[in-house]
Amino acid sequence: MGIRTLAVLSASLLLGTVLGWSAAAASYQKTGIVKAVATDTFVLDLGKEQWRFYVDENTGGRSAIKAGDRVTVTYRQVAVKIEPRK
Numbered sequence: 002m003g004i005r006t007l008a009v010l011s012a013s014l015l016l017g018t019v020l021g022w023s024a025a026a027a028s029y030q031k032t033g034i035v036k037a038v039a040t041d042t043f044v045l046d047l048g049k050e051q052w053r054f055y056v057d058e059n060t061g062g063r064s065a066i067k068a069g070d071r072v073t074v075t076y077r078q079v080a081v082k083i084e085p086r087k
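Residues 2 to 87 in our numbering are what the sequence shown lists, from first letter to last.
Think of the hints as simulated: they come from the structure by calculation, not from any bench.
Don't be surprised by glycine CBs; every beta carbon is placed ideally from N, CA and C.
One or more of the hints may lead you astray.
Straight-line C-alpha distance at most 25 Å; calculated SDA-like pairs for lysine to any residue [what the hints assert, rightly or not]:
(1) K82 x I66
(2) K31 x E84
(3) K36 x K67
(4) K49 x Q30
(5) K67 x V38
(6) K87 x T60
(7) K49 x T32
(8) K49 x Y76
(9) K49 x V38
Here are the in silico distance ranges between beta carbons for each label pair [stated by the list, open to error]:
(10) K87 x S64: 45 to 55 Å
(11) K31 x N59: 29 to 39 Å
(12) T32 x R86: 32 to 42 Å
(13) G61 x P85: 13 to 23 Å
(14) K87 x A65: 42 to 52 Å
(15) T40 x P85: 13 to 23 Å
(16) P85 x S64: 39 to 49 Å
(17) R86 x G62: 37 to 47 Å
(18) V44 x V79: 12 to 22 Å
Just need the whole structure built from these sequences, with the hints factored in.
Shown next as structure tokens:
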């Protein structure tokens with residue numbers, strides 16, 4: 002097996018693992034007051050800290066929120082890039 006073939010197989014395995022994990026990623030919830038709303042983000046005040054959430058066209062309920070609303074956000078933590086370190 003050549004180095005190139007091994008590299009392609011390794012990359013495919015890593016990508017499949019990451020995509021499989023992200024599809025099955027656990028969901029979490031945060032409840033707080035909406036501080037600010039922009040086109041693709043909003044800020045949620047949790048009392049001791051503020052969290053910024055990014056939204057897209059698939060985010061349910063995003064068009065109905067406004068500053069001052071108390072909301073519960075369901076989200077997932079998904080890796081977008083992995084860099085090996087030695």
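A quick look at each hint next to the structure:
Only pairs whose Cα atoms come within 25 Å are accepted, and K82 paired with I66 is rejected, the gap being roughly 30 Å. For the suggested pair K31 and E84, the alpha carbons sit about 29 Å apart, so the restraint of at most 25 Å is broken. Among the hinted pairs, K36 with K67 is consistent with the structure: their alpha-carbon atoms are about 8 Å apart, no more than 25 Å. Taken as a hint, the K49 and Q30 pair is honoured in the structure, with Cα atoms around 16 Å apart against an allowance of 25 Å.
A distance of roughly 6 Å separates the Cα atoms of K67 and V38; the hinted pair therefore holds under the 25 Å criterion. Proximity of K87 to T60 is assessed by CA-CA distance (about 37 Å); at most 25 Å being required, the pair is judged violated. With a C-alpha separation of about 12 Å, the suggested pair K49 and T32 falls inside the 25 Å cut-off, and the hint holds. With a CA separation close to 19 Å, the supplied pair K49 and Y76 stays within the 25 Å bound.
Between K49 and V38 the alpha-carbon distance is near 19 Å, which keeps this suggested pair within the 25 Å criterion. At roughly 46 Å, the beta carbons of K87 and S64 sit within the given window of 45 to 55 Å. Taking 29 to 39 Å as the suggested C-beta distance range, the pair K31 and N59 does not conform, at roughly 19 Å. Roughly 36 Å separates the CB atoms of T32 and R86, a value that falls within the hinted 32 to 42 Å.
Between G61 and P85 the beta carbons are some 36 Å apart, a value that contradicts the proposed interval 13 to 23 Å. In this structure, K87 and A65 meet the distance hint of 42 to 52 Å, their C-beta atoms being roughly 48 Å apart. Under the hint 13 to 23 Å, the C-beta atoms of T40 and P85, about 35 Å apart, miss the expected range. P85 and S64 have their C-beta atoms about 40 Å apart, which keeps the hinted 39 to 49 Å range intact.
The beta-carbon spacing between R86 and G62, approximately 38 Å, falls within the hinted interval of 37 to 47 Å. In this structure, V44 and V79 meet the distance hint of 12 to 22 Å, their C-beta atoms being roughly 20 Å apart.
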